[in-house]
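Chain U is already provided as a structure; the job is to place chain W on it using the hints.
Top to bottom, those sequences are chains U and W.
Mapping of the first sequence onto my numbering: residues 12 to 348, in sequence order.
Mapping of the second sequence onto my numbering: residues 12 to 348, in sequence order.
Each hint should be verified, as a subset may be incorrect.
When chains are identical, the list treats them as one kind, so a pair holds in a single copy or across two.
[What the hints assert, rightly or not] With a straight-line cut-off of 25 Å between C-alpha atoms, the simulated SDA-like cross-links for lysine to any residue are:
1) Lys-166 / Arg-306
2) Lys-139 / Gln-223
3) Lys-330 / Gln-155
4) Lys-258 / Arg-311
Hint data in this document are derived by calculation from the structure and do not stem from the laboratory.
Number of protein chains: 2
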Amino acid sequence: MIQGRTWIFKNKPTIISSSAVGGPFEAQGPLAHDFDLLHGDLWIGQDSFEKAEKKLQEDACEQAIHKADLQKEDIQFFLSGDLMNQVISSSFTARTLGIPFLGIFGACSTSMEGLALGSLLIDGGYAKRVLAATSSHNAAAEKQYRYPTEYGSQKPPTAQWTVTGAGAVVIADEGTGLKVTAATIGRVIDMGISDPFNMGAAMAPAAVDTIQTHFRDLHLSASDYDLVVTGDLGRVGFQTANDLLEKQGLRFPKGRFYDCGLMIYNLDEQPVLSGGSGAGCSACVTFGHIFNRMRKGELRKILVVATGALLSPISYQQKESIPCIAHAVAIESEEGA
Amino acid sequence: MIQGRTWIFKNKPTIISSSAVGGPFEAQGPLAHDFDLLHGDLWIGQDSFEKAEKKLQEDACEQAIHKADLQKEDIQFFLSGDLMNQVISSSFTARTLGIPFLGIFGACSTSMEGLALGSLLIDGGYAKRVLAATSSHNAAAEKQYRYPTEYGSQKPPTAQWTVTGAGAVVIADEGTGLKVTAATIGRVIDMGISDPFNMGAAMAPAAVDTIQTHFRDLHLSASDYDLVVTGDLGRVGFQTANDLLEKQGLRFPKGRFYDCGLMIYNLDEQPVLSGGSGAGCSACVTFGHIFNRMRKGELRKILVVATGALLSPISYQQKESIPCIAHAVAIESEEGA
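Extracted from the complex, chain U is given alone in its bound form (with noise of 0.2 Å):
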């Protein structure tokens, strides 16, 4: 059913399996103990760095069905979408795979568009189990939005690491795991932010308009989630979001809002600038380390706010402004089902 932009899930459908695949710069953050694989260098056993993107995708796939002790032909659909034109990482994934598929964008906020779109097909009847997915590669990412990596060039504090990562779930009408509750779908806020150094403040809007429309569709309160966690906004976006939010009276418990692009690395030591960024960013984080909390029983309902940021080189050669979605998923924990 719907409430405002708000689907909600009756029928509570089950993540029965998780995975994050990273490369070689998220093995030396935080999270490494929660990926499943990570890989040694940015070149995967391939000869260019779309072709390891497509890898780390099919590896993030490969290993959610196999942890949920499935066969890819047990999965009736498959949703995914990633930053590179036309999201071939996702349609040659799709061809590995064989499954049926439905390719998605939202730019670094796919993980969330899979998942709540995965979810509905669930709830409503429309699928038995779902596989979701999405991928980012920093190389490939920096050669098609900007400048090729051994160009060595610099960038303003304000600039965001893209994520060498690719993460999936599997979604599923019965079995035992994490219970997706609830999706509020983002519209398009743009500020008139026009520079792609800046996404986080750029995106930052939009995070809190879905969180917003998330708290007020389904009547909750601040203290309603355990955590909720915006999905790559760095440093300079997450505390915009944090004014703006506080701004319009929504003033969360300390300790339970934060930023995937804010724990994928160590701000201190990695030259990550303002943060984690890209399509695996909140991907990793979320179906890696954050369900990994969830199913330890620390953590047992939160809300994620996956953000992206829309443009395209090409819109930002014509002086375009980067228009911002968010959309925003609940999970629970079994217990709190």
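Structure of chain W alone, referenced to chain U:
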């Protein structure tokens, strides 16, 4: 509910309005009278072809909302995707509309991915009104995928002509209009063809796979539809699809199987080589011409099988073959509901 790879919509979501917007080349074609709006030049009052495509999609959305006698505030979700990098035509249209947005990507199959998912949202009670759209622009696509048209580079006769056009539908849980009864989601099929100037041949096996699956899932025979129409296979691909279907024993009654890419232009007079293509092709032909024929009572039950080639210039340059997909949606006129 689901049967195989096919969603069956018990509540028969209603297409309460549809629109088609085209460019100057489409205005010279045989379906000109089925467009709601035809622009006289490729620039559409904008200073770039990318912005022109966004304008096309905005026009189509505006027309569909207006024809449904609604305001954009009455629509709960907007589903859209296109061929541009990072689907900017759709994201920027979503910014203009301000409607909660789900970005999708299926290349030229996007029209039916959007109609399928939009209908599912309505059928399952997750929305009361959904807008689904897609677009393509000849010069924007040529510039991004091949060469700027100003170069005048030559093409082989197997190549297709990207439609400058956009189509949109408003789907609702009540009202009068065509009914969406079922949708079959495609899987990626790749027969090893890597020639981007022969995408019809690359896509034909995907169309055949989805058609066969649809007929098998619903236990239908070849004469159950008044028209089965593929997205944009063009002359070469459509012949291949015919041959493959005959080999598999699926032979449609004369005149009941056709291709949108063969309908939108005067193939003997306009220099479109193998026929029309692009995400706007199946959208304009279906949401304009074919839906008009259904409303006039000339067709009662149809199946639209939109095909998509999920390549990118990078995947082609890296010698990858072309992964293809086809999504099918079954539509009935109200008397047949």
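Hint by hint, here is what the structure shows:
no. : hint              : verdict
1   : Lys-166 / Arg-306 : neither (38 Å within a copy, 57 Å between copies)
2   : Lys-139 / Gln-223 : between (32 Å within a copy, 22 Å between copies)
3   : Lys-330 / Gln-155 : both (18 Å within a copy, 18 Å between copies)
4   : Lys-258 / Arg-311 : neither (28 Å within a copy, 56 Å between copies)
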